[in-house]
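All chains should be built: construct the whole structure from the sequences, respecting the hints.
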Amino acid sequence: VQLSGCARMCVSVARPYSTVARSPSTPLPLRSKLLFFLSQHFYDVEQLLSWSSWLRNWTLRRKNTFYSYTQEQYGNNVAAAFYILSLKGGFRFSGQSEWFRPNEKGKFSWDFVNFQEHPIEEVDVSGTVINCTGLDNLVSQKNLRTLSLRGCREVDDWFLSRLHIFQESLEELNLSGCPRISVGGLCALHHLRKLRKLDLSSLPRVQNPGLVRILLEEVLPHCHITGVEYDEGLQAFQEEKDSEALSSTGTGA
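Sequential numbering of the sequence shown, starting at 1, is according to the working numbering.
These are calculated hints, taken from the structure and not from any lab test.
The model shown is predicted, which means the values in this text are computed figures rather than measured ones.
Ideal Cβ placement from N, Cα and C applies to all residues, glycine included.
Please note that the accuracy of each hint is not assured.
[What the hints assert, rightly or not] Quick list of the computed label-pair ranges, beta carbon to beta carbon:
no., residue 1, residue 2, range
1, Arg153, Ser109, 24 to 30 Å
2, His224, Arg62, 36 to 42 Å
3, Gly75, Arg153, 29 to 35 Å
4, Gln207, Leu60, 25 to 31 Å
5, Gln40, Arg162, 44 to 50 Å
6, Lys142, Val219, 20 to 26 Å
7, Arg162, Phe37, 42 to 48 Å
8, Arg56, Ser201, 26 to 32 Å
Here it is in structure tokens:
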């Protein structure tokens, strides 16, 4: 009798625990669900990311390929124009007031084919994926006066180092909002002897932009630089120098 009573006690004690175990669990937060899913499909997600990266690089190469066939059939000017429009950019031919641009859906008029003898004078490829390779489509435009690269995430120091091909014509250059440009690339702009206007606003990789402006004005005395104030970053630069001086003094002592 005592044994059966003990058994009943064990059952009564175990019953609440079994009830708790069988009760529906509290729903997991969305973040936990996502982490659980990723842990269960790690290799699938890794493969997906790999394909996504490959597709992005393939698209970038395709959009910046050299338009050799168009160049052979219609000449340098039309090939350059076609490349710009394919990037959803805009341009203006020399001697013309009209700008050619695609519409909101990326469609554009083919009337530019009728201007084979007109070089391109102004180019606006702001916010496009133009890169150093794609610049091959524009090197023939020796009359290029204005180039806007505002917000182009693929424009880097290598790209800027190639702009010397426009040193006899380029007068206005907009580099604002290009996240990959550094001081090294800006130093290459000293070749642009005819540059009259340069926009350097919002360049996150450029440290001490005020000092960079002073240095650029030394090598480009006729160029008006905007988007950067003289004292921008100079205070931090001076504090860093003072800190280094104190460190060296302490070490010497």
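Results of checking the hints against the structure:
The hint said 24 to 30 Å for the Cβ distance between arginine 153 and serine 109, and at roughly 28 Å that hint holds. Separation of histidine 224 from arginine 62 is about 37 Å and conforms to the stated range, judged on CB atoms against 36 to 42 Å. One distance hint, 29 to 35 Å for the beta-carbon pair glycine 75 and arginine 153, holds here, with the actual separation near 31 Å. Separation of glutamine 207 from leucine 60 is about 28 Å and conforms to the stated range, judged on CB atoms against 25 to 31 Å.
Separated by about 47 Å at the C-beta atoms, glutamine 40 and arginine 162 satisfy the suggested range of 44 to 50 Å. Under the hint 20 to 26 Å, the C-beta atoms of lysine 142 and valine 219, about 22 Å apart, fit the expected range. Checked against the hint of 42 to 48 Å, the pair arginine 162 and phenylalanine 37 passes, with Cβ atoms roughly 45 Å apart. The hinted range of 26 to 32 Å is satisfied by arginine 56 and serine 201, whose Cβ atoms lie roughly 27 Å apart.
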